[in-house]
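Place chain D on chain W using the hints.
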Amino acid sequence: MRRTTSRILRGIALVSTLALGVTACGGSDDDSDTKAVSAADIKAALDKGGSITVWAWEPTLKTVAADFQKKYPKVKVNLVSERSGDKHYTALSNAISAGKGVPDVAQVEYFALGQYSLTKGLTDLAPYGADKLASKYTAGPWNAVSDGDKVYGLPMDSGPMAMFYNKTVFDKYKVAVPTTWDEYLDAARKIHKADPKAYIANDAGDAGFTTSMLWQAGSRPYKVDGTKVGINFDDAGAKKFETVWQKLIDEKLLAPINGWTDDWYKGLGDGTIATLTTGAWMPANFETGVPGAKGQWRAAAMPAWTKGDKASAENGGSSLTVPALAKNKELAYAFTEYANSGAGVATRVSEGAFPATKAQLEDPAFQSKKFDYFDGQEANKIFAESAANVASDWSYLPFQQYANSIFNDTVGKAYVSNTSLADGLKAWQDASIKYGEEQGFTIEK
Amino acid sequence: MTTLQPPAAAEPRPAPPPAKRDRRSWTGWGFIGPFVAVFALVFLAPIAYSIYLSLYRNQLIGGNHFVGLDNYTQALKDDQFWQAVGRVALFLAIQVPIMLGIALLVALALDSGRLYGKSFFRITIFLPYAVPAVVATLMWGFMYGTKYGLVGDINEAFGTSLPDLLSPDWVLASIGNIVTWEFVGYNMLIFYSALRVIPTSLYEAAEIDGAGQWRIISSIKLPAIRGAIVIATIFSIIGSFQLFNEPSILRPLARNAITTDYTPNFYTYSLSFNGQQHNYSATVAIIMGVLTMIVAYAVQLRGMRKGA
Chain W
159 MRRTTSRILR GIALVSTLAL GVTACGGSDD DSDTKAVSAA DIKAALDKGG SITVWAWEPT
219 LKTVAADFQK KYPKVKVNLV SERSGDKHYT ALSNAISAGK GVPDVAQVEY FALGQYSLTK
279 GLTDLAPYGA DKLASKYTAG PWNAVSDGDK VYGLPMDSGP MAMFYNKTVF DKYKVAVPTT
339 WDEYLDAARK IHKADPKAYI ANDAGDAGFT TSMLWQAGSR PYKVDGTKVG INFDDAGAKK
399 FETVWQKLID EKLLAPINGW TDDWYKGLGD GTIATLTTGA WMPANFETGV PGAKGQWRAA
459 AMPAWTKGDK ASAENGGSSL TVPALAKNKE LAYAFTEYAN SGAGVATRVS EGAFPATKAQ
519 LEDPAFQSKK FDYFDGQEAN KIFAESAANV ASDWSYLPFQ QYANSIFNDT VGKAYVSNTS
579 LADGLKAWQD ASIKYGEEQG FTIEK
Chain D
73 MTTLQPPAAA EPRPAPPPAK RDRRSWTGWG FIGPFVAVFA LVFLAPIAYS IYLSLYRNQL
133 IGGNHFVGLD NYTQALKDDQ FWQAVGRVAL FLAIQVPIML GIALLVALAL DSGRLYGKSF
193 FRITIFLPYA VPAVVATLMW GFMYGTKYGL VGDINEAFGT SLPDLLSPDW VLASIGNIVT
253 WEFVGYNMLI FYSALRVIPT SLYEAAEIDG AGQWRIISSI KLPAIRGAIV IATIFSIIGS
313 FQLFNEPSIL RPLARNAITT DYTPNFYTYS LSFNGQQHNY SATVAIIMGV LTMIVAYAVQ
373 LRGMRKGA
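These protein sequence lines map, in sequence, to chains W and D. The first sequence maps to residues 159 to 603 in this note's numbering. The second sequence maps to residues 73 to 380 in this note's numbering.
Honestly, the hints are just simulated from the structure, not real lab data. Since we're looking at a predicted model, the values are computed, not measured. Every residue gets a Cβ at the ideal spot worked out from N, C-alpha and C, and that includes glycine.
Lysine-lysine pairs mimicking DSS-like chemistry, simulated, CA-CA at most 30 Å apart:
1) W/Lys245 x D/Lys219
2) D/Lys149 x W/Lys386
3) W/Lys325 x D/Lys219
4) D/Lys149 x W/Lys603
5) W/Lys220 x W/Lys258
6) W/Lys398 x W/Lys351
7) W/Lys332 x D/Lys219
8) D/Lys219 x W/Lys424
9) D/Lys219 x W/Lys452
The calculated label-pair distances, taken between Cβ atoms and stated as ranges, are:
10) D/Ile123 x W/Thr248: 20 to 26 Å
11) D/Leu141 x W/Asp205: 56 to 62 Å
12) D/Ser239 x W/Ala517: 46 to 52 Å
13) W/Thr338 x D/Ala229: 37 to 43 Å
14) W/Gly384 x D/Tyr124: 27 to 33 Å
15) W/Ala517 x D/Tyr124: 50 to 56 Å
16) D/Ser239 x W/Ser508: 43 to 49 Å
17) D/Phe107 x W/Asp225: 52 to 58 Å
18) W/Glu240 x D/Ser239: 31 to 37 Å
19) D/Leu210 x W/Lys355: 24 to 30 Å
20) D/Gly158 x W/Gly384: 37 to 43 Å
21) D/Phe107 x W/Lys206: 47 to 53 Å
Isolated chain W, as found in the complex (with noise of 0.2 Å):
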């Protein structure tokens, strides 16, 4: 009996060790890619052709990748566009992890680039010749893609901000488009005491939203430099940004909804929410939203902290990148290359993408576009003009995706509670520092 419990016991050990065997090889990390890929070494990889996984949401891909298969026609680019935002860097880090089911091309969007490309889970792409392109972008996402003579990815499209407003609740309690922050908040009492039903704007916490609010105030909270990180929410840019939010929240003047949900939407669409200070990729996500509003909506600058101040933010925007342990990198390069440096720009311009390359954006065709949706108004000029204004020197967090996870849990308190903006965002790089510390940052006081 003892004897035979032993043996089972063994086994039982045997079994587990194995398992244990199996999921520990798994990474392994290759850092050997560092010798030049020439424009021929690209162009016979397209002729022998092959098949890559590009996982991207940006839907104008779609119509990228068909004519990328015309034209190249041993190709084949397998889309995959289901997941989006959190869901799809969650994969992604994942896959990486667990050293397969690594997609050849992924979107990441800047603020969450820097994570992938210090732990090296990105292939730099200036061997492939990606850094023979920076002339073409605007510097902003240029500078997110690229650090030193590295580059992490190409220039999808970018997000200058921009201050959509629905004409009709304006015109209807006939109160002035706001300017500056200071006017906006004048809006905003104004609409709301007119009708309590409708609210300035729908803000229930959002950390894309209010990153991008202090990098247009001035403020620079993270400085970061190699694995050298700063945190710092103290400082004259983000008392501006407080000042004129806490009295926003005080005085419950934003709608307690959260972007992207039906409730959006639908506010969107009857007048309860009067603007939205977003990216300039926001118009065909009007279209096919919103569409019940089309007429009512137009595009602004964004407000000025101070009057006639130009500076404008990013907010969002995103890149293609070459993950690490991409299969096919030479194809994959080649259809990074194709969708955001070649023809595929134009052809998501006109599907409704804000690119990020100059010759474009200068355009006097884009320019001049017509937007149906804004009852004609020529909305690319104010995005352009927002694009040339976007305030320098702003960087992001190494790790900005935990750090935007846990951002409801600290500021989104001020959203909900008696706890201040202010106290909210020193909980908030509190927190992120010590994710930091964990992580084996050096935190700079």
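Chain D in isolation, oriented as in the chain W frame:
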């Protein structure tokens, strides 16, 4: 023991004497082998792997290295973790008695035989359990909404101002309501089936002795189903400590109220999937597992002692 002798030619050939011990050992394995293999693969290996993980730390900067019990000391001092534990403990202390109380009441009512349309009631009360937790939570989340949900509609129609059930003050109670709705039927069924096996002769004897219904309940029915009550309590304790579905599905509607460390399970999920802190996440999961076992075991000991 058996002595070998050459077989007589006329007799039928007996089976060759087996190597007894060998055969017995193989038969045993034949029966137990498949179970052991599956058990080891799906139960022991993950636990072993979690323990292995919990002894390491994988950092964005610095990579993977052995840290001994550091993760455990960190977890035992982790305010976020203990707050989450406190939250589910509060949930356990309030929601579980309410839920089991209702379930018991319904089971006794059904068992009393005085109810009209008994099977209709039984199936109606059990039905919510058949609704997947995800669907149930989405449904309730919609009803709780003060803007476009049922609460909002009621406020509009009657001019009332019902509290926002998804605000930080109310959301735990709202989750409790969902869980109660889902599991009353399930627990009722456990109690009801335990009640059905009580021999009716006991009731007859009680009636002859002049006992009323209340007396029958307190002196016969409740003592007889104590085992079932203990089991249902243990299931509920485990369920409370593992609370995850409801908060995680409600979170998109109440991001500021339901934090990423709302319950211990949600905390481990966030650590793992938002922060890539798989090692620490495994540690928290192990501690939580041990904690659940201790509480469940304590309840079982207590329940059984009373029963004896």
